[in-house]
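Q: Heads up: the sequence lines are chains A and B, in that order. Position one of the first sequence corresponds to residue 1 (this note's numbering), numbered consecutively onward. Position one of the second sequence corresponds to residue 1001 (this note's numbering), numbered consecutively onward.
It is worth saying that the hints were derived from the structure and are not from the lab. A couple of the hints might just be wrong.
[What the hints assert, rightly or not] Over 12 Å on every C-beta distance to chain B, these chain A residues come out as not near it, computed from the model: (1) 1; (2) 10; (3) 17; (4) 19; (5) 20; (6) 22; (7) 24; (8) 28; (9) 32; (10) 35; (11) 52.
[To be verified] Computed from the model, here is a short list of chain B residues facing chain A with C-beta under 8 Å: (12) 1023; (13) 1032; (14) 1038; (15) 1048; (16) 1051; (17) 1055; (18) 1065; (19) 1122; (20) 1128; (21) 1130; (22) 1132; (23) 1143; (24) 1151; (25) 1166; (26) 1176; (27) 1187.
Just so you know, even glycine gets a beta-carbon here, dropped at the ideal spot from N, CA and C.
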Amino acid sequence: MNCEEARPRFDDRIDGSLGTEDLLEVDEHVARCGGCRFALADLEAALERLRDLPPLRTPDSFEEQVLARVRAERAPALRPLLPYAAALAALAGTWLATSGFFRGAIVPIRGDDLRVAGAAPPAPPLEERRRPAPPVPPSPLPEIGERGRAPEIDWAEAARQGIRFLAAASDLMARAARDAASEAPPPVPASLVREEPPAAAPAVAEEPARPRSEGRGEAPLFPAEEPAGSGGAVVVQRGNETVLFSSGPPEKEIPALLALLRDRGGKGADLALSRLVLLERELSSRGVVAGGPALEGPSLLGRVRSFFSRSAESDERSRSLEGWERWWSENRPAILRVAAAEPAWSAP
Amino acid sequence: MEIPPSDDELAARAGRGDESAFAELVGRHKDRVASFLHGLLRDRDAALDLAQETFLRLYRHLPRYRPEGKLRTFLFTIAANAARDALKARRRAGIVYLSEYREVLEGGGRPRVGEPPRPSATLEREDLRREVRASLGLLPAVYREALLLRETEELPYEEIARVAECTVGTAKSRVSRAREAFRAAFERLRRRSERSGVGGA
């Protein structure tokens, strides 16, 4: 047997599926031929390492979690399904109504043009310097339930609230987009543009019609000299390009990015997540976040990702207000700790 | 001594609504399914999440499961499909998870700043594992799947073909190519880290 005959049989040799005669022939060749001997030994050694990988240990609660999902699926639907858009609006409405602290905003706009997440107050701070504040949804937010009682959610009212909010915000953003397309943006301090994923540069550059401030390569759509204490995150989508701009101190930037994460299935969520991962990494490399090296173990971002990566069609929990509220209340201290540790944090 | 019930018996009981039987099935297979998904996705959290999803889908499919002693293959088929969907969705969205590529980018090995010193044997073992995972990450997804099914899950080629929905011949050739590609990637990374080890000394 020569090398050309022997090598194709290495797989069978490894699988232990060679007949006695073939096995003897292959082994005899390998014993004589240094090249084949090394090749087979290297292959076997590499595969041995692969087989030695320790298994991923699932948590003890795994079975219980699976069973909970099974039970949730078996349970009859508690309320008739709202049409998708109304449900989304309802979610936005109830979320605004019930989360006192978290006032980031995520606004899917007709035509899927823009998504924005701004820190409180709901009117996006990134834009208000250049034009008067837009009409705020007229009716007040619904009262949160009585003290000590879980709030009752009136889904129809929440949907109405949400739709009004979305409409107002949509109008605001449409005007902002028109505005940005028609006039040259004022120069932006480079430090305000923290994260520019690979798609960023072409996305900004792809508007040849828009006059640009000279001498600045990167000019985001929502520029401004940031007043102290403001900040947020914006995802701009034009055609195939999606760009994330985020700025401000962490206590503003992080909630805004988290708000963008609610854009499940949208690219904005992925970009926001990438930014959060980088942010956590940067902060933790400065020792701001306790709990081990960045990205390892049950890091904050690991938990964010795990929360949001569940597939939408199968897991109602991850879309539910309760799930979100629970997650937020659990993680809020950690996020605030990050924010408080270095309020004047700025990009190097 | 009592003989533990077979997977098929548990599946039949679970299909009739016996929760404890289903929990036992999950307990039996959860680590292997999660490990398989971890190898495919290179993301621990996503793997655990998708492992749950896999068992949920198993539960939905129980009424259609034919008890022929191949529940494990059935599970891996579901898991592989779920992983393919997840990878496709990531690609479509153009997502790159930095954590996945950390091992590749850093070539495995070097301890990060701020980590406490570890015993050198532990360090070496961890480095090796990181390199193995990084090498695996360099393979195309179909090869990764075939290689994991063969080497770590020890499925016969006929079962691999069922999971991958291809012919046995294709399964064999995928495993063969995957082995060779894995060896080459692993050796490259090993050489690189040995070089940088010498350089750093």
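Q: Hint by hint, say whether it matches the structure.
A: Verification of the hints:
1. 1: At about 18 Å from chain B, residue 1/A clears the 12 Å cut-off, so the statement holds.
2. 10: violated, 8 Å
3. 17: Violated, because the least Cβ-Cβ distance between residue 17/A and chain B comes to about 9 Å, which does not exceed 12 Å.
4. 19: holds, 17 Å
5. 20: holds, 20 Å
6. 22: About 16 Å separates residue 22/A from the closest Cβ of chain B, which puts it past 12 Å; holds.
7. 24: Correct as stated: the minimum Cβ-Cβ distance to chain B is 22 Å, above 12 Å.
8. 28: holds, 22 Å
9. 32: holds, 22 Å
10. 35: holds, 14 Å
11. 52: At about 8 Å from chain B, residue 52/A fails to clear the 12 Å cut-off, so the statement is violated.
12. 1023: holds, 5 Å
13. 1032: holds, 7 Å
14. 1038: holds, 4 Å
15. 1048: holds, 6 Å
16. 1051: holds, 7 Å
17. 1055: holds, 5 Å
18. 1065: violated, 15 Å
19. 1122: With a closest approach of 13 Å, the residue 1122/B hint is violated.
20. 1128: Constraint on residue 1128/B satisfied, holds at 6 Å.
21. 1130: Given a least distance of 10 Å, the restraint on residue 1130/B is violated.
22. 1132: holds, 5 Å
23. 1143: violated, 12 Å
24. 1151: Where the cut-off is 8 Å and the nearest Cβ of chain A is about 5 Å from residue 1151/B, the hint holds.
25. 1166: violated, 17 Å
26. 1176: holds, 5 Å
27. 1187: Interface hint status for residue 1187/B: holds (7 Å vs cutoff 8 Å).
Checked against the numbered hints given earlier, the structure breaks hints 2, 3, 11, 18, 19, 21, 23, 25 and satisfies all the rest.
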